[in-house]
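For this one, chain A is given, so just place chain B on it according to the hints.
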Amino acid sequence: MIAVQMAVTVAILCNCLFISQQRLVRSHSPSGTDEPNIFVIANQWVVEPGDLPSRVTEDLVALRSLTEVVDAYATNSYPLSNSGTNDGISLQPNQKHSTTTAALYYGDEHALHTLGLTLVAGRNFNADEIIDQGENGQPQPAGVIVTRTLADKLYPRGNALGRTLFMTSESATTRIVGIVERLQIPWVGGGPSFDAILDNSVLVPYRPIWQSSYYVVRARSGQLPATMKAAQKQLTDISRERVIEKVQPLLDARIEAHRNNRGFAVFLSVVCAVLLVVTAFGIVGLTSYWVAQRRRQIGIRRALGATRSGIVRYFQTENLLIAAAAAATGAALANALNLLMVGSFEMARLPIGYTVAGAVAVLLLGQLATLWPALRAASIPPAIAARGA
Amino acid sequence: MNSSMFLYYFDLGLRSLRRNIVLTALLIVAIGVGVGTSMTTLTVFRAMSGDPIPEKSRQLFTPQIDSRGPLVPPAPTADHLQTSMTYTDAMALMKARSARRQTAMYGTLLSVHPADPKQKPFQALAHAVYADFFPMFDVPFKYGAPWTVADDDDRAATVVLTQVMNDRVFGGRNSVGKTLRLGADTYTVAGVLDEWRFIPVVYDLDRTSFAGRDEIFLPFTRAIDKQMGVVGSVSCMQDLQTGFAPLLRSECLWLGFWVELHGDADVRQYRAYLNNYAADQQHAGRFHWPPHTQLRDVREWLNYRHVVPGEIDILMLVSFGFLLVCLLNAMGLLLAKVMGRAGDIGVRRALGASRGAIFSQCLVETGVIGLAGGLLGLVLTAIGLFAARALLPKEFVALTHLDVIDVVIALLLALGSTVMAGLYPTWRAANVQLTWQLKAQ
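Protein chains in written order, with our numbering: chain A, 1 to 389; chain B, 1 to 441.
Don't read these hints as lab results, they were simulated from the structure.
Mixed in with the good hints, there may be bad ones.
What the hints assert, rightly or not - Derived DMTMM-like pairs (lysine to aspartate or glutamate); straight-line CA-CA distance at most 25 Å:
{"#": "1", "chain 1": "A", "residue 1": "Lys246", "chain 2": "B", "residue 2": "Asp206"}
{"#": "2", "chain 1": "A", "residue 1": "Lys96", "chain 2": "A", "residue 2": "Asp152"}
{"#": "3", "chain 1": "A", "residue 1": "Lys229", "chain 2": "B", "residue 2": "Asp116"}
{"#": "4", "chain 1": "A", "residue 1": "Lys246", "chain 2": "B", "residue 2": "Asp185"}
{"#": "5", "chain 1": "B", "residue 1": "Lys226", "chain 2": "A", "residue 2": "Glu241"}
{"#": "6", "chain 1": "A", "residue 1": "Lys246", "chain 2": "B", "residue 2": "Asp116"}
{"#": "7", "chain 1": "A", "residue 1": "Lys96", "chain 2": "B", "residue 2": "Asp79"}
{"#": "8", "chain 1": "B", "residue 1": "Lys226", "chain 2": "B", "residue 2": "Asp204"}
{"#": "9", "chain 1": "B", "residue 1": "Lys118", "chain 2": "A", "residue 2": "Glu241"}
{"#": "10", "chain 1": "B", "residue 1": "Lys120", "chain 2": "A", "residue 2": "Glu58"}
{"#": "11", "chain 1": "A", "residue 1": "Lys246", "chain 2": "B", "residue 2": "Asp167"}
{"#": "12", "chain 1": "B", "residue 1": "Lys118", "chain 2": "A", "residue 2": "Glu245"}
{"#": "13", "chain 1": "B", "residue 1": "Lys178", "chain 2": "B", "residue 2": "Glu195"}
{"#": "14", "chain 1": "B", "residue 1": "Lys56", "chain 2": "B", "residue 2": "Asp264"}
{"#": "15", "chain 1": "B", "residue 1": "Lys226", "chain 2": "A", "residue 2": "Glu245"}
{"#": "16", "chain 1": "B", "residue 1": "Lys120", "chain 2": "A", "residue 2": "Asp152"}
{"#": "17", "chain 1": "B", "residue 1": "Lys226", "chain 2": "A", "residue 2": "Asp51"}
{"#": "18", "chain 1": "B", "residue 1": "Lys120", "chain 2": "A", "residue 2": "Asp132"}
{"#": "19", "chain 1": "B", "residue 1": "Lys142", "chain 2": "A", "residue 2": "Asp252"}
{"#": "20", "chain 1": "B", "residue 1": "Lys178", "chain 2": "A", "residue 2": "Glu241"}
{"#": "21", "chain 1": "A", "residue 1": "Lys229", "chain 2": "A", "residue 2": "Glu241"}
{"#": "22", "chain 1": "B", "residue 1": "Lys226", "chain 2": "A", "residue 2": "Asp152"}
{"#": "23", "chain 1": "B", "residue 1": "Lys120", "chain 2": "A", "residue 2": "Asp51"}
{"#": "24", "chain 1": "B", "residue 1": "Lys118", "chain 2": "A", "residue 2": "Asp237"}
{"#": "25", "chain 1": "B", "residue 1": "Lys120", "chain 2": "A", "residue 2": "Asp237"}
{"#": "26", "chain 1": "A", "residue 1": "Lys233", "chain 2": "B", "residue 2": "Asp167"}
{"#": "27", "chain 1": "A", "residue 1": "Lys96", "chain 2": "B", "residue 2": "Glu251"}
{"#": "28", "chain 1": "A", "residue 1": "Lys246", "chain 2": "B", "residue 2": "Asp204"}
For reference, chain A alone in the conformation it holds in the complex:
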């Protein structure tokens, strides 16, 4: 009975701990940007579209002129937002299945500096390369900046700089003009299918001239709240024909974006903790029962010279043997359960470390839980043997 219970506990514990850890890791994965100092303004214009180009330019110039602002740019999406554009990236034109998928971030020559990205090869955009993306068709970008992960995926042997790539939404060839160290895709709450492309991003030299877009602003170190206020005031001073829906620091966006991940991890941890407690109590209860059943036996052994610690050791060893068998079965069960979930839920395989950790944990738990009843057993006086009760 104890064995079965412990085995099932091991199986559940291993998997829960693994899933929990995976979620936590995902919730801490870095976006590659200077998160503590960046905030985003969601801006919606209430004006005629014809005016937009000059208005957006005016906004950006004004924002950049603020003393607290390091840099700013306009974009379609930003890391940790869980929304944006993605596209298939291929090495040949009109490939049936794209080589990989990547997130598309629109930005001008200020984007790199605003986000705090590190250039590891090539160069930033030039001002004359930036294309205003408005209501009508526009020329396709000649060059893009990609992340190191994407560059390696497309050209595994290195030297991706200067090479071409094709985006499904564009027909012309595009060249990689720069490579940055890291920039995460906006979708961080998704499952393993997004995990696979988590660092695949492309910076496209577009400036969105849209009714609704985001301004990403980088504040001077330690001046975030003041800068947020100043930026908002600056924009409303320029024009009231707009709605500023939210001004959100990236750190807040991170909390929101990973809420599910963290909540899930917490829930699973709680379940594991309660599971361990319940199992522990079960072991205590059952072992106590066995002690009670064997009172006479124990008394006889004590009368024959067994020490108190000897009795304790006896029960501990008994539990250890059961636990060992349970742990082995439990480990096998854990892996079986994991395989089941890999099939249906897009999970990763359980690493051996978790199986071992889970088995050892339950083993130790068993030993600890047995201690109290074993001590009680040890205090059974040898006189019981004589009483013949």
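Just chain B now, kept in the frame of chain A:
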């Protein structure tokens, strides 16, 4: 077993429970915790995957048309069909009027400018639909009524507000006929919705990552006329020229489409219509592949779209595993308990109690424990749901309240599983060796 015997067993049971209070407490806690976690996840599961409109879910359908063909990467759905529609197809379907009621739809963002100067302008999620939408989905109205079909044709500047939006902008008063500035234009309020619980939002499943729900409904034709940008998934394959007009001409997929059909004949006829339409497109040279269409009702659609996130499935698995452990625990403890009274049982058997009598008595005792565990489980479920609500999207919160059915399920689950766990120990109890027990005293 007649009633007086039952009461006697009940009394015996209570006494034995009291005698070993620690063991009893452990048992009740074990069962309560197991039932609590299972019920929590079960309720969340039902909240997220239930039928939002059970009385009509078999009459509301969404058509799918393969407008991409086999030479492109297939959609990540079971039959590789895309989950939204092009503007061209949606308009063709609307024009053909092959269903009793129909509506194309998409989501957009509006800036709301309340008349009250103290209120700052803000953004609101809006859904562009046809007038048929409201009777189709049985949308309840508090004031006024939906706009008319004529309004659809006229691309009228009219809106329907949700109760929340009406509270915010008009203080909850009857605002029918009043005007409201949205974006750069003025709109007239045609109606205000009553409280409308519709989970999951079957007609707008892509919007899970956006906080909140639609707060405004406006005519589809008006939204298109004013080129209101799409909020939601827009999937394009080729060479997309930006701009709203190109979007309408393109093969990008972004529209939802729902129809109302009554009876098998209607459904068959609509399926045929869809296939003929796709065949026509093939003949016209727009599609270079054979017709591939599908029509799914609400439940089929929810299933097909895997509405319940993988996390919930994992949680279900974990909590039922947890319940299993708790039951094994209970079984062990019950065994200990029962065997601890082997002497008692021996005496009673000697005095003439049959095996069956012992069995029944133990069963009653187990039942009492089960019920107590169930009650504890209910309390824990309430706590669990309280915590779960903090983690769930806002829409689901309302659905996670326990109703009478849930309470009954919880108690039956507790009772049933405890009795099952108790079968083996009870059987052991009934088979206690008479003579051995008496001698061992």
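Do the hints match the structure? See the list:
1. Taken as a hint, the Lys246(A) and Asp206(B) pair is honoured in the structure, with Cα atoms around 22 Å apart against an allowance of 25 Å.
2. As the CA atoms of Lys96(A) and Asp152(A) are separated by approximately 21 Å, the hinted pair is consistent with the 25 Å bound.
3. A distance of roughly 24 Å separates the Cα atoms of Lys229(A) and Asp116(B); the hinted pair therefore holds under the 25 Å criterion.
4. For the given pair, Lys246(A) sits about 22 Å from Asp185(B) by alpha-carbon distance, which is consistent with the 25 Å threshold.
5. Pair hint Lys226(B) plus Glu241(A) holds up; C-alpha atoms about 18 Å apart against a cutoff of 25 Å.
6. Distance restraint check for Lys246(A) and Asp116(B): the Cα-Cα separation of roughly 20 Å lies within the 25 Å cut-off, and the hinted pair is therefore satisfied.
7. Between Lys96(A) and Asp79(B), the direct Cα distance comes to roughly 19 Å. Compliance with the 25 Å bound is thereby established for this hinted pair.
8. With a CA separation close to 22 Å, the supplied pair Lys226(B) and Asp204(B) stays within the 25 Å bound.
9. About 16 Å separates the Cα atoms of Lys118(B) and Glu241(A), which keeps this hinted pair within 25 Å; it holds.
10. Proposed proximity of Lys120(B) and Glu58(A) is supported: the alpha carbons are some 23 Å apart, at most 25 Å.
11. Straight-line distance between C-alpha atoms of Lys246(A) and Asp167(B) comes to about 21 Å, which keeps the hinted pair within the 25 Å bound.
12. At roughly 16 Å between alpha-carbon atoms, Lys118(B) and Glu245(A) fall within 25 Å of each other, so this suggested pair holds.
13. A hinted pair counts as satisfied when its Cα atoms are at most 25 Å apart, and Lys178(B) with Glu195(B) qualifies at roughly 21 Å.
14. Our distance criterion of 25 Å between C-alpha atoms is met by Lys56(B) and Asp264(B), whose separation comes to about 14 Å.
15. A hinted pair counts as satisfied when its Cα atoms are at most 25 Å apart, and Lys226(B) with Glu245(A) qualifies at roughly 21 Å.
16. With a C-alpha separation of about 48 Å, the suggested pairing of Lys120(B) with Asp152(A) is violated against the 25 Å cut-off.
17. Distance check on the hinted pair: Lys226(B) and Asp51(A) sit about 16 Å apart at the alpha-carbon level, within 25 Å; holds.
18. Distance hint between Lys120(B) and Asp132(A) is unfulfilled; the C-alpha atoms sit about 30 Å from each other, more than 25 Å.
19. Restraint check for Lys142(B) and Asp252(A): the C-alpha separation of about 37 Å exceeds 25 Å, so the hint is violated.
20. For the proposed pair Lys178(B) and Glu241(A), the alpha carbon gap of about 23 Å is at most 25 Å, so the pair holds.
21. Under the criterion of a C-alpha separation no larger than 25 Å, the hint pairing Lys229(A) with Glu241(A) is consistent with the structure, at around 18 Å.
22. As the CA atoms of Lys226(B) and Asp152(A) are separated by approximately 44 Å, the hinted pair breaks the 25 Å bound.
23. Taking the CA atoms of Lys120(B) and Asp51(A), the gap is about 23 Å. The hint holds against a cut of 25 Å.
24. The hinted pair formed by Lys118(B) and Asp237(A) meets the criterion: a straight-line CA distance of about 17 Å does not exceed 25 Å.
25. Simply put, Lys120(B) and Asp237(A) have alpha-carbon atoms about 15 Å apart, close enough for the 25 Å limit, and the pair holds.
26. For the suggested pair Lys233(A) and Asp167(B), the alpha carbons sit about 28 Å apart, so the restraint of at most 25 Å is broken.
27. Between the alpha carbons of Lys96(A) and Glu251(B) the distance comes to roughly 17 Å, so the proposed pair stays at or under 25 Å and holds.
28. A C-alpha spacing of about 24 Å is found between Lys246(A) and Asp204(B), which places the hinted pair at or below 25 Å, so the restraint holds.
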